[in-house]
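S.K.: Here is how the chains run, residue by residue.
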Amino acid sequence: MPEPSVPFRILPELSDRNRHFWQGGEQGHLTILRCQECGYYLHPPTPTCPHDQSKDVAPEAVSGRATVASFTINHQAWIPGVEVPYLIAIVEIDEQPELRLTTNLVNCEAEDVHVGMPVQVLFEHHEDANGDVWIPLFEPTGGK
Amino acid sequence: MTLTETPLERNCVVSGIGQSDIGRRLGRDPLGLTLDACYAAIKDAGLRVEDIDGLSTYPGAVGGSPGFSGAGAYEILDAMRLKVGFYDSGVETAGQLGSVMKACMAVAAGLSNHVLCFRSVWEGSAQGTGGRKASGALTQYASGSMEWLLPFGSASAANWIAMFAQAHMHKYGTTPEQLAQIALNSRKNAGLNPNAIYAEPMTMDDYMSARMISTPLRLFDCDAPCDGATAFIISRKELAADLDCTPITIEAMGSANHDRATWDQLRDLSRTIGADAAAQMWSRTDLTPKDVDIAELYDGFSILALLWLEAMQLCEMGESGSFIEGGQRIALDGELPLNTHGGQLSAGRLHGYGFFHEACLQLRGEAGARQVAKQPQVAAVAAGGGVTCGTFLLSTRP
Ligand SMILES: [Zn+2]
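Protein sequence lines correspond, in order, to chains S and E. For the first sequence, position 44 (counting from the first letter as 1) is numbered 44 according to my numbering, and the numbering increases by one without interruption. For the second sequence, position 208 (counting from the first letter as 1) is numbered 208 according to my numbering, and the numbering increases by one without interruption.
The reader is advised that the hints may include incorrect statements.
Stated by the list, open to error - Here are the computed distance ranges between Cβ atoms for each label pair: (1) E/G110 x S/D16: 41 to 49 Å; (2) S/Q27 x E/P201: 42 to 50 Å; (3) S/E83 x E/Q140: 41 to 49 Å; (4) S/C38 x E/D29: 51 to 59 Å; (5) S/H51 x E/E200: 51 to 59 Å.
Stated by the list, open to error - Examples of chain E residues toward chain S, derived with CB under 10 Å: (6) V62; (7) L82; (8) Q140; (9) G144; (10) S145; (11) W148; (12) G153; (13) A165; (14) M317.
Hints are computed from structural coordinates only; laboratory data are not their basis. Since the model is a prediction, treat every value here as computed from it, not as a measurement. A virtual CB, placed ideally from N, CA and C, is assigned to each residue, including glycine.
Just need the whole structure built from these sequences, with the hints factored in.
M.R.: Here it is, written out as structure tokens:
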């Protein structure tokens, strides 16, 4: 199987609620909203912490290390113009159990991917008139 | 368990069921298909149109992928000139059958006596040829729940549910050959269903050699878009006795969800979807999973039917793969016949309502060539997957 291609991107619509996540990559950081009272990471971001109703929430950089929780090799061209196949994964961020992101795995062979595989973040920069976006992708820890 | 109070849904029965023509691409006005099903259900209940005093539907007149909704509540209210004490539609509910639960609640609350429920699709015609596209309309920017999925090309429920399947295989050792039994069983049953979309026989080789959609899901793990409408009448039990109908008892329903309402934050990706709804349902009846004679479990993707077997407590957690190994147990003459009409995989994506319809037909003994020989008395029905799940237990008990 050829190395999975990077899919054509439909970019996220930026807002005050999500800008930290999609633009944190400019500084090289995966950035998640965190409750400043209890330390809980909130994702998807919400203005109030579900544990203590604190509104004192702020973006914080996390390590960018994660573990593959599940994955799939997508072969169907759902989106016109997208090259297939490509690797979609759900990764669990090291900082907090069950804090997960859907992402793409890159710089690895599809047949090497497995649940439990350690991965690290990297970013794909997209210029856009509505604001540049840095898409967080993941690759095997330590590179290829 | 001992029930201290009778659940309110026990005051309701399914007094009538109806279906329109069903086909891969009928090219018909979806409003016409919907009305065919609605009028058929009213007639089947022995009612007149003016007796209908409630309406409940999924999802209503909403956007989304082409053909997802054949008619909205307002369209049907107006087209049939209904006078109702309650009406509702909505897509954010306990699966497609959440609409039937709301009908039961309307009756229990005294707002209606006979509620018309319908689900109508024309995805076959609307999507045309050339393969399925992304869930929802493709936009320039991803927003809402799709914000976290679409930028990564995780564009379809096939991708999201493929990752549940992968997690289940990793955790419990479920095999592709076991998964195949869902598709093979459905195709076998569809061969006896004159309304099925795909009725030609399918072998394990056919299944395995079909193209991959999103690993581990192959083509025949995905349901078949079609055109068609299904309708039910939910009636107040004491009124149904005077009707010329065969009422089916609603033993219990389940709408609970205690998990995260997203596709990728569930507390266990291999966890049996709908387990909260099913547990709630079992808490509302003196029947137990051992009493279930047939199971009609949502198979929008084959893995969902496996997960539902576990969620409905019809097998042990994590053991659905070995439970259906070889397929004998879930066959029409097995100990737990499953998706007796062919499911959505082969009988068409009637979207949840097809399972409820088939359960009623089987309990009434009217399922024709595919009727389970040992007349079923109790049917377990489940619809939905991921964040949207609902369950029913139906019976022939008075
Ligand atoms: Zn907090």
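S.K.: Going through the earlier hints one by one, which of them does the structure break, listed in rising order?
M.R.: 2, 3, 6, 7, 14
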